Structure formats: structure tokens, C-alpha cells
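Trainee: Respectively, the protein sequence lines represent chains E and Z.
Mapping the first sequence onto the numbering used here, position 56 (from 1) lands on 56, and the numbers just tick up by one.
Mapping the second sequence onto the numbering used here, position 11 (from 1) lands on 11, and the numbers just tick up by one.
Please keep in mind that the hints were generated in silico from the structure rather than gathered at the bench.
Be aware that one or more of the hints could be misleading.
[Stated by the list, open to error] Taking beta-carbon pairs under 7 Å as the criterion, some of the chain E residues facing chain Z (in silico):
id, residue
1, Arg7
2, Gly11
3, Val15
4, Ala24
5, Arg26
6, Gly32
7, Ala43
8, Glu60
9, Ile65
10, Gly67
11, Ala75
12, Ser79
13, Met82
14, Thr93
15, Ser94
[Unchecked claim] Simulated coverage check for chain Z against chain E, where a stretch passes if three residues somewhere in it have a Cβ under 8 Å from a Cβ of chain E:
id, stretch
16, 22-35
17, 41-48
18, 51-64
19, 90-103
20, 120-126
The structure displayed is predicted, hence computed values, not measured ones.
The beta-carbon is built from N, C-alpha and C at its ideal position, and this holds for glycine as well.
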Amino acid sequence: MDELIFRFLIGGTLVSAFALVGDAVRPKSFAGLFGAAPSIALATLGLTVATKGRDYAAIEARSMIAGAIAFFIYALIVSKVMLRYKPPALVATSALMLVWLATAFGLWFVWVR
Amino acid sequence: MRIGLDVSSMQHFRWRDYAVRFVFGGIVTALVGLIARRYGPGVAGLFLAFPAIFPAGATLIEKQQREKKRRAGLDGTSRGRVAAGIDAVGAAMGTLGLIAFAILIWRFLPSHSGPAILTVAGLAWLAISVLAWRIRKAMKKLKAARRQKIT
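Using the sequences provided together with the hints, build the complete structure.
Mentor: Encoded structure:
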């Protein structure tokens, strides 16, 4: 339980810190880079290295490649949909999360597993 | 447009917005730990690149732009949504850095110091993301110039 609370605090802090930087930089498309900052990865991998070792963290990083490719495809589709059809951001970004799930698990099944 | 800091945006700083991101980020990080325990590091690793706070960020940008236009007496709904779309383009460039970040850790973490590799990978994320963003900007400029030449 203690570990989970610690993870929650570290993850929340890093995500907020990157968001703060993202909100302060301009232009807008450059600020968008921080939407894909490795905040959760840094928090998780740092803790994993400390508790389970480097080899275990490297296995997580290998799968992360699939997750990041899925994020790339997801962000591209979100941008195309938002710029062309202009739906509410929450609707588009939430509904298209299925694209991330399908791509990430598809890649994992074919390549990583 | 040059890259820079816009301190004026901090005037609209709202604790609530950051609290939402803190909670989302914290929950996903804790969930990754639970997934690793239940399904192993192979599945948990996928979620290190989960766009957990992306919807919250995009919604916030949409809202901020809409309010800005409304203060100027305009509707702003469409402008807010376009701004969220532009932010997503930037995020796509950021994910190229994220791929490099993951590859570096996967290849070099087993044989090198943890803090050193995490630092190098973090810097690589920033460098590759900025490079991808700059290349995209330059290509867009080139395309626009060509189009102008034709017409």
C-alpha cells in the first residue's frame, strides 16, 4: 500500500511539473510536445530500478516502445479529427483512446510478447 | 514563430487544472504498478506511454482559447477546438522523442547506471521532440512557399 501511495505522489508530481512547463511555453504546437513528456515513465522506471532492478525496468521499456508508437498514431488521428471536424476535445480524445489500446496491444501481441 | 516562455499565461493559473492532472498522473502511475504485479512488466510497460492526461490537457486548451475569444466578444468554440488540434500535432512530435526514450532505456539500462540512463533518455526525448517539431515546421514553410510560387 505504501508503495502505491508513493507511486501516486511521484507520478502526480512529475505529470503536473511537465504540464506546468507545457503551459508556459509558446507557440502552441511546441507546447504540445509536453503532452507526450515521459512523466509517468520517469516516475515508474525510477521506482522500478530502485525496487526490482535494471533488467526488470528494461523489459517495461521494451513494451513502452509499442505504447509510444500507439501514442504517435493516436495523437496524429486526434489532430486530424480536431482540425477537420472540430468536435469537442474531450469527446475526440476519449473516444479515440480505443485507437491507442488497439494499436498498443496489437503491437505487443505481434512483436513484444 | 520563435520558441519562448509566455509568463502571461501564468496569470490564468488555476490550481484545479493542475490538481486534475496530478490526480490522473498519480492514478496511472499507481495503476502501472498494479498491472506489473498482476500481469508482469511486459504488459505494464505499454502503459508507460499511455496518453492518460492528454484528454485533460486538450480539454483545458480548448476551454482557455474559447474563454479568451469570448472575452473579446467572439464565440470561440471553433477556435478552441482548432487550438486543441494544434496541441495534438505537437504531442505527435513529442511521441517520436518518447519512442527514442524507450529504445535507449531498453538497450542501455541493463548495462549502465540507472540514474545516468534515465537522465540521458530524458534529454534525448527533449532533443528529438524539438528536432521533429522543427523539421515539421520547416517542411510546412517549404510547402507554403512552393504553393505560392505556383499561384
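Trainee: Hints the structure violates: just list their numbers, smallest first.
Mentor: As far as the earlier hints go, not one is violated by this structure.
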